[in-house]
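Engineer: So the protein lines, in turn, are chains L and V. Taken in order, the first sequence gives residues 1081 to 1806; the numbers are from the numbering used here. Taken in order, the second sequence gives residues 1081 to 1806; the numbers are from the numbering used here.
Hints are computed from structural coordinates only; laboratory data are not their basis. Keep in mind the model is a prediction, meaning the values are calculated, not measured. Fair warning: there could be bad hints in the mix.
Below, a list of computed lysine to any residue pairs in the SDA-like style, where the Cα atoms sit at most 20 angstroms apart [unchecked claim]:
| id | chain 1 | residue 1 | chain 2 | residue 2 |
| --- | --- | --- | --- | --- |
| 1 | L | 1131 | L | 1188 |
| 2 | L | 1171 | V | 1571 |
| 3 | L | 1422 | V | 1410 |
| 4 | V | 1433 | L | 1331 |
| 5 | V | 1410 | L | 1297 |
| 6 | V | 1662 | L | 1687 |
| 7 | L | 1422 | V | 1435 |
| 8 | L | 1433 | V | 1154 |
| 9 | V | 1422 | L | 1418 |
| 10 | V | 1131 | L | 1581 |
| 11 | V | 1422 | L | 1308 |
| 12 | L | 1758 | L | 1709 |
| 13 | L | 1435 | V | 1435 |
| 14 | V | 1518 | L | 1170 |
| 15 | V | 1745 | V | 1612 |
| 16 | L | 1410 | V | 1435 |
| 17 | L | 1410 | V | 1423 |
| 18 | L | 1745 | L | 1241 |
| 19 | V | 1704 | V | 1787 |
| 20 | V | 1272 | V | 1704 |
| 21 | L | 1307 | L | 1317 |
If you want the footprint, here are the derived chain V segments under chain L, 3+ residues with CB under 8 angstroms [to be verified]:
| id | segment |
| --- | --- |
| 22 | 1081-1092 |
| 23 | 1492-1498 |
| 24 | 1654-1668 |
No residue lacks a Cβ here, since even glycine has one placed at the ideal position from N, Cα and C.
Number of protein chains: 2
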Amino acid sequence: MKFFQSVEGVQKISFGEMIPTDTILEEMFKETESFYIPGIIDKRTSHHIWKLNLNEGDVVYGLGQSIRGMNKRGFVYESFCTDDPNHTPDKKSLYGAHNFFVVLSDNPWGIYIDFAGKVTFDVGFEHQDILLIDVEGVDFDAYIFNGTYKEIIGRFRSLIGQSYVPPKWGFGYQQSRWSYVDKNEVLSIAEKFDEHDLPCDAIYLDIDYMERFKDFTVSDDRFSDFKTFVSDLKLKDIKLIPIIDAGVKIESGYDVYEEGVKNSYFCKDENGKPFVAAVWPGKVHFPDFLNSRVREWFGQKYHRLMDMGIEGFWNDMNEPAIFYSEQGLKDAISFVSDQEGKNLDIYTFFDLKNKIMNISNSESDYKSMYHNYDGMKVNHYDVHNLYGYFMTRAAAEGFKSYAPEKRHLMITRASHIGMAKHSGIWTGDNHSWWEHLKLNIQMMPSLGMAGFLYSGADTGGFGGEASGELLTRWLQFSIFTPLLRNHSAMGTRKQEPWMFETETLDRIRDVIKMRYALVPYLYSEFMKANFNHELLFAPLSYEYDDSRSKRVEDQLLLGDSLMLAPVYEQNSRGRSVYLPEKMVLWKATAYEHLNENQFELLERGYHFVDVALNEIPIYLKPGKLVVMTKPENRISTLDESNLVVLGFVPDHASYILYNDDGLTKGYESGDSLQTIFKVDRINNKYHISVDTNDLALKTITFYLIDDSGNWHVIKQNTFINDRRYV
Amino acid sequence: MKFFQSVEGVQKISFGEMIPTDTILEEMFKETESFYIPGIIDKRTSHHIWKLNLNEGDVVYGLGQSIRGMNKRGFVYESFCTDDPNHTPDKKSLYGAHNFFVVLSDNPWGIYIDFAGKVTFDVGFEHQDILLIDVEGVDFDAYIFNGTYKEIIGRFRSLIGQSYVPPKWGFGYQQSRWSYVDKNEVLSIAEKFDEHDLPCDAIYLDIDYMERFKDFTVSDDRFSDFKTFVSDLKLKDIKLIPIIDAGVKIESGYDVYEEGVKNSYFCKDENGKPFVAAVWPGKVHFPDFLNSRVREWFGQKYHRLMDMGIEGFWNDMNEPAIFYSEQGLKDAISFVSDQEGKNLDIYTFFDLKNKIMNISNSESDYKSMYHNYDGMKVNHYDVHNLYGYFMTRAAAEGFKSYAPEKRHLMITRASHIGMAKHSGIWTGDNHSWWEHLKLNIQMMPSLGMAGFLYSGADTGGFGGEASGELLTRWLQFSIFTPLLRNHSAMGTRKQEPWMFETETLDRIRDVIKMRYALVPYLYSEFMKANFNHELLFAPLSYEYDDSRSKRVEDQLLLGDSLMLAPVYEQNSRGRSVYLPEKMVLWKATAYEHLNENQFELLERGYHFVDVALNEIPIYLKPGKLVVMTKPENRISTLDESNLVVLGFVPDHASYILYNDDGLTKGYESGDSLQTIFKVDRINNKYHISVDTNDLALKTITFYLIDDSGNWHVIKQNTFINDRRYV
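Pulled out of the complex, with its shape left as it was, chain L reads as follows (with noise of 0.2 angstroms):
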């Protein structure tokens, strides 16, 4: 073991000589004494066991996308990437392996294990009190971190760096589906939102675009013509969003394939042949994007599409999710014929039944498959959290070799917290349940300690039939989210919002247009979070440190100014909500409805709060300002010249509103437009100035709310303008 420092409040440890898996910016720490290391560790052969105790009232957050609440006591988590559309309770892994937590505790601590291969949390399942983490390998570096919540979480993200940030049109409304066939669906997918007012930035192209579901090829047939296609929709305003698929169809012929087994470019099998897997395509081979010299290659495919328009991406099936090997489908059919004519009891049936359902992501193939990681032979089950990351890294890279300054669109599935610099992630393959929308709430803080700031999931779930109501409360939550994806699978009701009756319609468009009202304010939290290394959304323990906020599991901080309380329950006409401090509960509905009656003054405690189907409910911290301006059906025809300021002001506030040109990436780091306002209530009056770069900015209308729950409308005209910040 070597034992290293930095900062204040981060040590490491390093047990033997991990994989890289180029997550933490390593320049920073230094070797040093031991020191002292919380719980035990059971060094054993092939693994460690960390054991450490946990205090009763001790609350643990993190461990990034996985399964049930926010404090994640009482069950048994996985860190492995796995592709399992059913997300229910019991489902100890999903797409992404985030291996940091923090406890909540007198003392606050956390860990990061980096490591590229399986780690197993017990977060008091076993036993109550103790927290055992078994890392499935001995080469691994461990960094504890001291110091508050919200310390712990800064020190940790501004190890890893900064997060991808979208273009700003990601944060517009984007509608898909899997899927749509043909260019004529996709057309008069866009012209719907146009005919029904409904905004929408961008529309997915799930996997039938594609010819024979071969990566980086379009079909002919339904896509004709595509460069022109995509086009037509730009000048609509609308982005098409491809997706890529991580396996790579065994086709002679396809030049992609070719190139691969020419260049050796793909994963072996033990006999140094390429693996053999099958994924939507039939047979196919994985790229080893484990190798730098094949991420510069695939990365570069992405240009195809890029030359004739394209400016996103999703990268799916990138856990690998395999559906089947070569052998293990073999042994699978072979297994079932033998059975012909047999008499099978309930045991014999259940072998039959489940050597068919566990022939996908069976642990033999992942551990029968090879890379060479830059020279270095690794089995791929003890670099299986990397392949998702190091295939959107590729992606990454060629974007930026494509054009280095401007920023693209990415989210994938799979994902390792390393990942967190190059793309977004959505959350996969839910399903239309209330209980997933509550997930959604619950998961929303760990991703973005894991750095995935950028993150959303499927509105109105992908899997199974969607209420008007659901959706309608979906939304209501994730206008919130950066990514606002509305997706639904093959063969379930169809989820476009006119697919609904006309209430559920026209709630749903307030709704929508909501969100492209406070992009000003989502826009500007969001860089801001990744700036200093903070969380957008949060649980409510990140700013108040009573007992009760810490015990708050439905409830969110976004960003420095807003707490949220969605409705998450069907049928349901409200919800008791805890107020840590005195705040005005604004239920919003459409944004030209917006008057004073809308507010509310709340004390500190426990309330029920009634919300109508069309009500949005928003909570406004005291001193808090929250910037928002006139909804347009597009982002780019958001005029943020114009703005809207609403506050809960008891006595003062400020706020510092950032913007850039949203497509720029160097203006992520400083060549920015900021604008601060102040507002002070001095002797029952407002005084209000507003100091900013912004040239553009025109008027400002402050809706401001005072400690008597009294509303003031101010418009401002005049600025300080100029002043540069940064």
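Got chain L sorted already, so can you dock chain V onto it with the hints?
Structural biologist: Relative to chain L, chain V alone:
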């Protein structure tokens, strides 16, 4: 169509000539003129669709055993008995078929569809304000109810008659596992209960007690000398409850099989041969329970085990579950074999998976099976929902012929409303999910509406892994359900109380003992709910007509005196509660720790209530009483001569305590013990009278809480004795 009228508030329409379900006590009805039918009925050739309007504020209660909340709006439910162990929120059918619902409206109404086949209810899913009933047949009866919610339930329940009543020991704690594999294991389980000072009245024998899963056999190997074994356990006052499967193993020399074939007692295929399906034992025939001769024959088979001392059974797999039919398996294997060597893509691969997955409980198998319904040949599909019901009726008739006056324990998995008079039900193969604890809570009232008073869920969850916290919280609710059973599946974490850490075991002991302490109240309320056609568990709106009450989805009234608001979330240490009137919260811990500090007076309205892990939150309604006794480890040893009466009595209260010998059927309807408690508070002093026909009664200790929250202890040992009330 024919129209019928009976008592006030009930109207009946006969569409065609229905296949009898033996659900309704027909004699009440007489034919009448036609009358107004609400909604629109679309009569098609092979089914009828009934379209009814809902108002925005309407709440829909009912549909018995089904998924989702108490208010069924927002989803589609199918009445089609189904063996599906994954009770996810998208499952339209569970094990029972319960076609009765009530719409809580300004003028409440309800409908019961008396039909043996499939019925689908779209309760505001496709259109939020439309309730669609799709009856898959044209021959059925429909009953339309009017009145208050409570009246409608009373009217329906009097139509279906008195519900099944278990022996009183059926209110004890019951322990189960798939499976305790031999005598020694069962014995050791029984001993562990005593060793750990844990109450227990019964242990279940899951499928492995039989010889090769043959009904009415006992494994010689593992359960030799079964009669002595049963009687040894009875000496410990523990009952054994063996499982019985619907399917009869095909095995020559097995008498049940041979008799069935010889007498043509099995369901037939298209060619009149006994239908071959497979379940636990492999290939089986299904007894044709729709035939009264078959019921008589099969019912008598239970006598074998009763001769060995068995007094209770659970009938399982009687939807009927079909793992596979001979033909279905053959087709599937042949389909799979044909895929050998093929390159399967996403669609063809899922075809293969689905071929195997859909082998079980397939519609085509059900449609290939035929009954001889006392002379009438009917296709199984058309009477599917009667199968489990008539199996259980066979058992009940068998018990009756064995010991006409004796009560037997009987629970079954598949059910139909008509069965409620014969048996209790457990809610099937749930999971160790917090969501299923909530489902358990939410399902109790709708089960009661369908007449199933003796019911409960597998506490701790059947599938999956339970944490100590989950089991504790679950028990804190299920100690109130008449059936209190802990059951878990093979391969999952063992769920007997001592399988958890000591703190958990200690908490569980206190919780189960509290159940035994409450048995006087629980039994009394159970019996009265039955006599009076009332709900034992009810939504708040059963008693309270404020607009808040009907929105509450996670609180229950339990009998006349109590309200429950259980904690059902992981890591939760409290919850929000709505009180429709002033109540006293009792945070019960160990019975012997009962003291005045556990009680808190709460005003009408919303409250956040802290609930520590060892606390059972119980709400005492004003002017009502709860009767308890000191807990023991068996029901039979409870001392019901010395009682404790607890109540929140601002001015006056009265309570009728029902009791009987708990074993004899006759007592159900009258020859019982009744004690009337009357408490009046006059000039700040309590005046108590107790009228009883229970000559054994010795002392009663009253713990009374007044309107200021003060606690008064009054001991009473003189009563007005031997006045008969009935």
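Engineer: Hint numbers the structure violates, sorted upward?
Structural biologist: 4, 5, 8, 11, 20, 22 and 23
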